[in-house]
Amino acid sequence: MSIGAENTNDFTWQAFLNGDEDAFAKIYHLYSEPLFNFGRKFKVDEQLLDDAVQEVFIDLFLKRQKLAVKIKSIKAYLFVALKHNLLKKLNRSRKIYSLGIENFRDLDFNIDYDAQQTIINSEIEIETNQRLAEAIEKLSKKQKEIIYLKFEEELDYPEIAKILQISVESARKQIYRAIKALRESFDNHPIKTLLSIFLKKI
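Residue numbers (numbering that gives the first Met the number 0): 0 to 201.
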């Protein structure tokens, strides 16, 4: 189930815009877990993340009328809002300076989950999974994030572009380059064929 702000006939979304708390609760339950999972990839304090997520949803509710005409994808909007909120909190705590972060694009992104299970069949041998995990670890933080958004969150290119603040065409190119980098890590290895299949789909 997903709620699309672009669908003006969506009952839950319209009810939310009218201040319906039950509709707001549905939106929260639908998107809170993906938002927490996304936030954890930035390796921030769990309490800081919890506060940020709660504030993002509170702002969504309080500013719903103003945001209604701007939001085309609730999920993409929430992901962007969370990144901005986390950066603001890091800035306040002065941790941002020690981390060398200047803007939200510089937030460190780490994939510490079994990303390979999303990209390849879970029955592939452990050795292959380990090699793919090692290959993913060698990607840049931006490539890791875009791989996560595409294959774990299954977002489309406009949504990814909004979250990363890049053009749709740039999002496509970065996905291509990230997958190509993974393919090149597996020359003469069976997994390269599987990655080629993904490359054809994007």
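Fair warning: there could be bad hints in the mix.
Okay, derived cross-link-like pairs now, BS3-like style, lysine-lysine, Cα gap no bigger than 25 Å in a straight line [what the hints assert, rightly or not]:
#1 K62 - K88
#2 K87 - K69
#3 K42 - K65
#4 K88 - K137
#5 K65 - K40
#6 K140 - K69
#7 K42 - K71
#8 K69 - K25
#9 K87 - K141
#10 K161 - K179
#11 K87 - K137
#12 K71 - K137
#13 K140 - K62
#14 K42 - K69
Hints in this document: simulated from the structure, not taken from any laboratory.
Hints, verified against the model:
1. The straight-line distance between the Cα atoms of K62 and K88 is roughly 20 Å, inside the 25 Å bound, and the hint therefore holds.
2. The suggested pairing of K87 with K69 holds, with an alpha-carbon distance near 22 Å, which does not exceed 25 Å.
3. Distance hint between K42 and K65 is unfulfilled; the C-alpha atoms sit about 32 Å from each other, more than 25 Å.
4. The straight-line distance between the Cα atoms of K88 and K137 is roughly 28 Å, outside the 25 Å bound, and the hint therefore fails.
5. A threshold of 25 Å between alpha carbons decides the hint, and for K65 with K40 the separation of about 30 Å lies outside it, so the pair is violated.
6. Using a Cα cut-off of 25 Å, the hinted pair K140 and K69 is violated, with the two alpha carbons roughly 28 Å apart.
7. For the hint linking K42 to K71, the alpha-carbon distance of about 28 Å lies beyond 25 Å, and the restraint is violated.
8. The suggested pairing of K69 with K25 holds, with an alpha-carbon distance near 20 Å, which does not exceed 25 Å.
9. Between the alpha carbons of K87 and K141 the distance comes to roughly 20 Å, so the proposed pair stays at or under 25 Å and holds.
10. At most 25 Å may separate the alpha-carbon atoms for a hinted pair to count; K161 and K179 meet this at roughly 23 Å.
11. A hinted pair counts as satisfied when its Cα atoms are at most 25 Å apart, and K87 with K137 does not qualify at roughly 28 Å.
12. For a cut-off of 25 Å, the pair hint linking K71 to K137 is broken: about 33 Å separates their Cα positions.
13. In summary, the hint linking K140 to K62 is not supported, as the alpha carbons are separated by about 32 Å, beyond the 25 Å threshold.
14. A hinted pair counts as satisfied when its Cα atoms are at most 25 Å apart, and K42 with K69 does not qualify at roughly 30 Å.
Comparing the model with each earlier hint shows violations of hints 3, 4, 5, 6, 7, 11, 12, 13 and 14; every other hint is respected.
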